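Undergrad: Please model the entire structure based on the sequences and the hints provided.
2 protein chains.
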Amino acid sequence: MALIVQKYGGTSVGDAERIKRVAERIVAAVRAGDQVCVVVSAMGHSTDELVSLAAQVSEEPNPRELDMLLTSGERISMALLSMVISDLGYEAISLTGSQAGIVTDTTHGKARILEVKGDRVRQALAANKIAIVAGFQGVSTAYDVTTLGRGGSDTTAVALAAALGADRCEIYTDVDGVYTADPRIVPSARKLHAVSYEEMLEMAASGAGVLMLRSVEYARNHGVVLHVRSSFGYEDGTWIKEEDERMERAIISGVAHDISEAKVVIQNVPDTPGIAARVFRPLADEGFNIDMIVQNVSAEGRTDISFTMPTDDLRRAKPVLDEIAASVGAEGVARDPDIAKISLVGAGMKTHPGVAADMFDALSDAGINIEIISTSSIRVSCVIRAFEVERAVKAIHDRFKLTEESIIREQHPATATGQLRAINARET
Amino acid sequence: MALIVQKYGGTSVGDAERIKRVAERIVAAVRAGDQVCVVVSAMGHSTDELVSLAAQVSEEPNPRELDMLLTSGERISMALLSMVISDLGYEAISLTGSQAGIVTDTTHGKARILEVKGDRVRQALAANKIAIVAGFQGVSTAYDVTTLGRGGSDTTAVALAAALGADRCEIYTDVDGVYTADPRIVPSARKLHAVSYEEMLEMAASGAGVLMLRSVEYARNHGVVLHVRSSFGYEDGTWIKEEDERMERAIISGVAHDISEAKVVIQNVPDTPGIAARVFRPLADEGFNIDMIVQNVSAEGRTDISFTMPTDDLRRAKPVLDEIAASVGAEGVARDPDIAKISLVGAGMKTHPGVAADMFDALSDAGINIEIISTSSIRVSCVIRAFEVERAVKAIHDRFKLTEESIIREQHPATATGQLRAINARET
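Listed in order, the protein sequences are those of chains A and B. For the first sequence, the numbering used here assigns the number 1 to the initial residue and increments by one for each residue that follows. For the second sequence, the numbering used here assigns the number 1 to the initial residue and increments by one for each residue that follows.
These are calculated hints, taken from the structure and not from any lab test. Worth double-checking, as some hints may not be accurate.
[Said to hold, decoys possible] Derived, one-sided and incomplete: chain B residues facing chain A with beta-carbon distance under 10 Å:
1. N62
2. I76
3. L81
4. Y143
Being a predicted model, the structure only gives us computed values, none of them experimental. Backbone N, C-alpha and C fix where the C-beta goes; we use that ideal spot for every residue, glycine too.
TA: Next comes the structure, spelled out in structure tokens:
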């Protein structure tokens, strides 16, 4: 008997029919002898609808009250799912984030989980009930309702799996796994059987939408085995777990892209010691996520400092950026939302130094200009013009022959698990 | 400085614009120096929409889960209201039934309030915040979310007013008070300035929809002064409070009608001692509300037992009624939903025995047949055919000249408060 946490996203519970199908899937797992704890998102686009309801009454809704509002979404989906399971003859009990003991800090809108008590979940499972827990929400140390931000339901699922010591955490979504590239751009992109936490982290950070960064981090930190799969079929999806022997053999996992970021340039800054700290400390203090920082070589004692940040944050960041520019004596601030970030990820990259050069070549051959480069030990990312992103993804996917399972086998001994090699994602 | 509990019904917070108007009304009270605790219903018909969502997935939804589902409604309205008040520059905090400490029994769907802790409400008020509490919902002694049934938000408001020792409880609705008859049937019906708890109780039990029975009972038991008024205007509505000298002078308060009940006849029952108990005990055990019980004079040792009950309960009651009929040796059970109950209510009736006869006369003159009669010390009710109900209401309202404020003054010394005399209600 395994203990499984199953997480169903909004599309999977988008209407009454889909909720019924999900209920049958859950019951099938129980019938097969497993203990099941379910984490569920709000139905379809209902969270977006609640957000626009808030926008109708307030330009900048009070964060505590926005959380109170948004958490009604999962309440609806989990109660409906629980009813259907009851009707199928199995005992189910829905639990809010608060009832499940998902304790968070007090940062409304993107609270962090501090502790998962899970007492009522354990009680339910011990009584042979199916526990249906609201994703995305918790209760703060000040006893207020909080939400975990984008992808929060995945985080709830992973955190519960860790707290319960679950055998695995199944993330059900509307795609059937992680691909070597976005299949909408590269129709020949290949579904991966397994990837390591590290690779998935880099992919998530690079724009692969299947899983959010935080949930993968949480899974890695607590050793939770993830299985991303479709709620509309029964075939295996993609496993995400500790890197193992087989994965070591992969050089390139896949290509990810991200058009949600903007480039910001603090122009013509006096190049004095400590300048970077004076630029980035105020941004960090305000909670902005900054990526891909590049400082140009200094010319005549002055330099440009470039970085990327979410386009959605640009408006809120404007006063902060202007103040920074003034305080460091910069000439001005340029904001450019029309960029894309394209990333190549692969655990094998560590020992194959030619990968970055091959990627730059591929872009160059396609006539695509690179504006910023940043790398990690298993990732190379380039900022390019947004309108060129599809061409760039295809060019790189082709260059590294990611469609073929055999590419690495040409360089390494063939194995039965040779397919564990590429990674990417569609948005959910 | 007064402490006021204000309750806003679903129509009052039906859309963004109305929520904004309600927020301004609340803020106006605070600006005038009052402390305000607000109780709010779900927006417009959203509770009905949630019920039909449940109906899409389940024929008979699990009661615990249905409560979990329905309680999302007030969450939405109270969060939105709170946001708007924040934007107006006043601190507001929304609280769920659970957060406000509305502790109930475990009867899902129509839980009874056992205790109102109200700690967080008191804290909020003490910190000069406006507390916005979800109506209709509580948390059970088993820590599950419960709902209080129809009119539950009124009960929440009254219970909070009692627990907080509020100076008054204002019930804002889409009508501007309690009338001598339903103004849709009798356009000349008169709005009342004040009625006693007892009269309001009889009216509520007789189908007057402005306030539910339970909330009036609660108000009477705890001495909470109620003020029913429109959320769309600022004029006084109807006060409901302890009967006083002035009220004693009223004979007739108003005419109420109710088409939500059905007549049930247990036919040709052997008339033996204890028969009534054997009929009604099983119905009571199953929680059915039975009204207007009549046992015919026995003929040849057999009799008919008639009563009324909510038409909505007929389907669920069928097996119970069939079993009762079989067990007491009845010939059968007749169910008739096409009836109406029409009631005349007035505190002065106690000392004016002619009232019932006048009512029967009025119905007789209108050619309307009476099927069942039941009376209390301040009420006379008749069951008639449903299609005759409007004619009956008009006939009785006319006969007792309820449109005129002067009717009682002709028989009693005129007073400045002579208008405190009639009572009825539109449905909300």
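Undergrad: Does each hint hold? Answer for all of them.
TA: Taking the hints in turn, this is what the structure says about them:
no., hint, in the structure
1, N62, "4 Å, holds"
2, I76, "5 Å, holds"
3, L81, "8 Å, holds"
4, Y143, "7 Å, holds"
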